[in-house]
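Q: Using the hints, position chains B and C against chain A.
Chains A, B and C, in that order, are what the protein sequence lines are. Per the working numbering, the first sequence runs over residues -11 to 243. Per the working numbering, the second sequence runs over residues -4 to 153. Per the working numbering, the third sequence runs over residues 476 to 707.
Below, simulated DSS-like cross-link-like pairs (lysine-lysine); rule was C-alpha separation at most 27 angstroms, straight line:
#1 B/Lys21 - A/Lys169
#2 B/Lys108 - C/Lys595
#3 B/Lys108 - C/Lys610
#4 C/Lys610 - A/Lys48
#5 B/Lys89 - B/Lys108
#6 C/Lys610 - A/Lys45
#7 A/Lys74 - A/Lys45
#8 A/Lys163 - A/Lys74
#9 A/Lys48 - B/Lys108
#10 A/Lys74 - A/Lys48
#11 B/Lys21 - A/Lys222
#12 C/Lys610 - C/Lys595
#13 A/Lys74 - C/Lys610
#14 A/Lys48 - C/Lys595
#15 B/Lys108 - A/Lys45
Not close to chain A: a few residues of chain C, all C-beta gaps over 12 angstroms, as computed:
#16 Met476
#17 Ala477
#18 Trp478
#19 Phe485
#20 Gly517
#21 Leu636
#22 Gly640
Coverage of chain C stretches by chain A, computed from C-beta distances (three or more under 8 angstroms per stretch; other residues unrestricted):
#23 599 to 613
#24 682 to 688
No lab work stands behind these hints, which were simulated from the structure alone. Source: prediction; values computed, not measured. Glycine included, each C-beta is placed from N, C-alpha and C at the ideal position.
What follows is the residue order along each chain.
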Amino acid sequence: MTAVAGLSRDGRRRVWLRQFLLQGCWNYEGMQNVGFAYSILPALREFYADRPEEALKAVKRHLEFFNTQPAMGAVILGAAVRLEEKAAAGETDSRAIGTFKVGLMGSMGAIGDAFFWGALRPMASVAGAILALFHPLVGIAALLVLYNTTHLSVRFRGFEAGMEGQEGAIAWLRKAALNIKTEDRKLGAAILGGAYAGMYTGRFAGMGGTPLFAVVMFLAGVALVQLFTVLFRKAVSPSEILSFLLLVGVLILWQ
Amino acid sequence: MPLVLTRIDCRLVHGQVVETWLPHTKADSLVVANDALAENPFLRSVMELAVPPGVRMHFCRLDAAAAVLSDADRDGERTILLVASAEDAVTLRKGGVRFDRVNIGNLHFAEGKVEISPSVFFAPGDFEALRWLRTHGVSVCVKGTPFETGTSFEAEGG
Amino acid sequence: MAWRFLLAGFLGGLCYLDRTAACQVMLHRPLVVATLMGAVFGNSSAGAAVGAVLELFYLARLPVGASVPPDDTGAAAFAGAAAAVAAPSTGLDGGSFTAVLLLAVFFAETGRVADRFVRKINGRIAHITLESVEKGDLQAVEHGLQAGLTLFALSGVILSLAFTGAGVSVAKYLLPNFGPGSRMEFSVLQPVLPLLGAASVYSCSRTERTAAVFFLTMAMVFGITLFLRWAG
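For reference, chain A alone in the conformation it holds in the complex (with noise of 0.2 angstroms):
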């Protein structure tokens, strides 16, 4: 790994700790602009320390609209804070930086949305939600733990290929290969979703007693699943579904 000359380690791990409030001024026309200002603001003064109009002119363009999946934003965070430094140094037009991140931004958001709250999300999720039926604690540490090894990781190692400039973002990011492993934790999801189905619909069936009555409970269940299923991609929000049940609870009350 080469070395980062410029940010000391103390400026360093201020940065690293600030990309977590990436989204804390989240707003609709810059979305997370203050959060990424805030975050690499450490560095900009360390960088900029005596010249405080250039200081200020760096702030502002880190202001601009920003955003990606905040757990890719320290990527794009690390790989800002490089090219900040080769600014500083007159190694680089900084009007470059604005652009490095716009182009970056896009991709990294696909990229993150579909690892992070496509595919690594629900598998963390379903996994707890069945291991909670056995103890709430162990469902709610498998949940937290599944998540945040890789989560925390990407935080992490992100920032360090960022801060190693563009070759080491890209050799980073082909490394870890997120795509691909974006597959493996989707039917991941899907085989513990079917899990979670099978236990679910089980335990119901279960308290009917005849064999019969278990097959239809089984044939129901798969239907009720292809049936949301294919209302969901029909853009149906689960909100109306439930709504729509629970009308259906109170005419059932009613009559």
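A: Just chains B and C, lined up with the frame of chain A:
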């Protein structure tokens, strides 16, 4: 129906496209028509890492989009076309790309822009470009993800 | 009771912060929040039982771009508190369980409106921050962020108090009005709820093998569960 979605989004490929529109439209290919991107190998290679393995990704300059799209069409791909601005959409339409509906995902706020939805802001040029599209038979829908209701502006004949 | 609400407000505020503003280490997930609120109101396992179902409901609604998903943290605060309070008096029967989960929808949607509102006000804060920076005040960035965080935290505390309050009220005043017969009738909807969650996971998954893998595991685990029930 080879071109399943035409989208104006200043962020091009990002989470809303990959996680909601790709599965919703069952598309298996993405065409990104953008001049700046076509010349930046770094950003292109990052963007390629952002789509699921089964989805083919094409980058092209605006003037090459029509050719790329008809190739994709010949290969039987279901394509999502992405451009960064309303002006780019007009350029494509003038350049012979056929679409009769366009979706607007994100257009960032800037000084002097008018708020259309929380994440879409129009500059005067955007209004003009969209008026042009609507008078040429293209209906416009402002909608981030398929799950939103969105705001539609129908075409005004063609 | 007052100290319970104090604790609920504090812990709820923390969990709400984790949702958007800080960290995202999944402390805001319904399973965690419902269990926590269950514990605060005296029955953590009742909280966990509703949390485990609520956990999956909104998984397919991703916090991407400007789209704000329904507030399952708030729904869990309501459901956890309601379940815990309803459980000791009547034992959390299927009817109450179902009712609590269905009523939680209302809070998921209310919380979402509040979330949007906070983000709108943050726009003002961001605007003021930009203006101050323009005048040469670098620290304005830090102040702006702190203001945003405070706002998120404040709205989290208020929502937690309101939603757990609603949960306790529903458990104390609404649910006892229904007799065992009505509860039995209402509980016919209970088996549907976990399946809605399972369908959310299913629609997140969407790989080529998802359908095969999902339904195969479902059949296997169904068989095993049934066998264990009938054999044991």
